[in-house]
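A.B. asks: Sequence:
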Amino acid sequence: MTLPLSVHRHLFASVAEEMGEALRLSAISPNVKERLDFSCALLDGMGRLVAHAAHIPVHLGSAHMTVPAVLAELDPGPGDIVVLNDPHRGGTHLNDVTVVAPLFHRGRRLGFLLDRAHHADVGGAEPGSMGGARDLSEEGICMGPTWLARRGRNVKSAWDGFLGAVRDPEAGRGDLLAQCAALHRGGERFADLVHRFGSDEVERAMSGLVAHGEKLTAALLRSWPVGEAEARDRLDGPGSPEIRCRVKLGRGRLTVDFTGTSPQAPGSWNTHRAVVTSAVFYVLQSLSPDEIPETSGTLARVTLKLSPGSLVSSSAPAGVALGNVETSQRIVDVLLQALGKLLPGVVPASSQGTMNNLLFGGIRADGRPFVHYETLGGGAGGGPSGAGASAVQVHMTNTRNTPVEVLEAELPVRVTALGVRRGSGGRGRHRGGDGMVKEVEFLEPARVTVAASRRRQGPPGARGGRAGAPGLDTATLDGKSTPLEPGKPVDFQPGDKVRLATPGGGGWGRP
1 MTLPLSVHRH LFASVAEEMG EALRLSAISP NVKERLDFSC ALLDGMGRLV AHAAHIPVHL
61 GSAHMTVPAV LAELDPGPGD IVVLNDPHRG GTHLNDVTVV APLFHRGRRL GFLLDRAHHA
121 DVGGAEPGSM GGARDLSEEG ICMGPTWLAR RGRNVKSAWD GFLGAVRDPE AGRGDLLAQC
181 AALHRGGERF ADLVHRFGSD EVERAMSGLV AHGEKLTAAL LRSWPVGEAE ARDRLDGPGS
241 PEIRCRVKLG RGRLTVDFTG TSPQAPGSWN THRAVVTSAV FYVLQSLSPD EIPETSGTLA
301 RVTLKLSPGS LVSSSAPAGV ALGNVETSQR IVDVLLQALG KLLPGVVPAS SQGTMNNLLF
361 GGIRADGRPF VHYETLGGGA GGGPSGAGAS AVQVHMTNTR NTPVEVLEAE LPVRVTALGV
421 RRGSGGRGRH RGGDGMVKEV EFLEPARVTV AASRRRQGPP GARGGRAGAP GLDTATLDGK
481 STPLEPGKPV DFQPGDKVRL ATPGGGGWGR P
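All residue numbers for the sequence shown refer to the working numbering, where the first residue is 1 and numbers rise by one.
Misleading hints may appear alongside valid ones.
Cβ pair distances, simulated, as ranges [claimed, not checked]: (1) Arg510 with Val404: 24 to 30 Å; (2) Leu3 with His184: 23 to 29 Å; (3) Glu485 with Arg422: 25 to 31 Å; (4) Arg364 with Pro317: 42 to 48 Å; (5) Lys156 with Gly250: 53 to 59 Å; (6) Gly345 with Lys156: 41 to 47 Å; (7) His184 with Pro384: 44 to 50 Å; (8) Ser207 with Gly345: 46 to 52 Å; (9) Lys480 with Gly152: 54 to 60 Å; (10) Leu3 with Ala72: 31 to 37 Å; (11) Lys215 with Pro483: 37 to 43 Å; (12) Glu410 with Asp200: 32 to 38 Å.
Since the hints were made in silico from the structure, they are not lab data. Since we're looking at a predicted model, the values are computed, not measured. All residues carry an ideal CB built from backbone N, CA and C; glycine is no exception.
Please model the complete structure; the sequences and the hints are all you need to start from.
C.D. replies: What follows is the structure, given as structure tokens:
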């Protein structure tokens with residue numbers, strides 16, 4: 001039976017969506033089962049992205065590079081599962097643990113399933129594994145492509161190595177088992193498609209979607225004006241590293257050049273090609289008036305220029321924990337700002353430009369460990385068609401908030417404030433969205449890190465709009481309030497509080 005490509009596209013996406021539901025329903029940690037900090041995808045036999053669920057942009061765009069990295073080292077067969085998190089070998093940052101399984105039919109490999117979940121802790125210098133590190137080795141356990149299962153049987157050494165490194169092995173095991181369950185469910189759904197339509201039809205549809213993605217992207221780029229533009233911005237990290245981006249449009253192609261960006265630096269603010277690729281993939285899909293299939297074909301008309309050893313193209317042993325969550329947001333900001341100069345009246349003002357990462361952990365009085373990670377929403381930038389949304393996740397993240405009831409039931413904390421940060425959005429013809437405020441009181445001693453940016457300057461407006469308010473993070477320790485330094489761990493005692501006031505979005509157009 002031959003079906004239109006559009007039907008196959010949704011059938012393939014349904015495989016990834018069902019994988020996500022299996023993962024959500026099976027997971028242990030609030031970060032996975034409540035915040036939905038995971039992503040699922042289907043790839044063809046060569047490792048090209050064919051479809052994904054509506055999950056996390058920074059996870060999905062980098063999936064283009066994950067399976068090729070696996071195939072460079074291993075040759076997975078039926079019943080095999082590969083695990084990895086090495087950012088320089090197919091991963092994003094260490095917390096994002098990825099599992100990959102091949103899809104076979106009658107001895108022929110048709111494709112791969114992939115799911116990537118953010119584990120709240122993978123060891124390292126500090127609880128949450130995203131603060132206090134000087135390099136990658138201090139951020140936690142780092143796994144290149146490794147056998148997690150062979151011919152349907154778990155590889156004990158891989159499980160023991162991972163669980164022996166994390167602070168909460170129970171949650172780590174539960175979430176990793178849930179990821180494997182998602183692969184199993186996706187495999188069943190894919191096998192059903194092969195049974196219904198035949199392997200030849202399924203393979204033709206996969207290749208056709210990749211080619212169709214390239215065709216639509218080429219048409220989009222041809223509709224944009226020929227020209228060049230550049231933008232630059234800085235992070236709040238040590239030394240205020242700068243990101244420079246120059247875009248060139250012409251003949252249905254886009255060149256994105258990050259030459260001139262600051263060198264990679266000690267600490268965790270660096271990132272790498274996979275995350276930059278995710279940002280470009282996301283921006284193209286965001287600016288297209290028509291929906292583009294989520295395939296590797298989207299990137300076929302893009303040339304990416306990165307300087308090795310730079311903040312956005314780091315190499316081991318550079319730390320990348322915050323690069324995945326913070327630098328990725330700034331990459332999107334500068335890319336949109338540059339394209340906005342070529343597409344006036346199309347690109348919105350800057351959104352909050354941060355994920356407002358809150359991490360904490362410790363040991364309860366009864367000896368049980370606890371670790372938690374979450375990101376907080378903020379203001380979206382106003383745009384040509386209206387005001388920005390308030391208290392939402394933006395750009396490279398797409399997670400939910402952690403429900404207060406879950407947070408207080410599973411962790412020794414009390415949420416003492418949660419609401420919209422009124423008036424924090426930038427003024428404009430279309431105002432930027434407001435940020436949010438969250439305050440947490442600790443009931444047990446805890447080590448706390450707030451890793452965020454847009455704390456020195458707020459997100460800029462566009463076309464005469466005003467900037468949004470910068471974020472502000474404070475700790476109330478023994479009754480005294482003090483500002484928190486981004487990425488620096490602090491010890492809290494029972495009764496101490498941490499308060500995050502997240503940035504508003506920039507305004508669009510003159511007020």
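A.B. asks: Which hint numbers does the structure go against, in order from smallest to largest?
C.D. replies: Of the numbered hints given earlier, those the structure breaks are 1, 4, 6, 8, 11, 12, listed in rising order.
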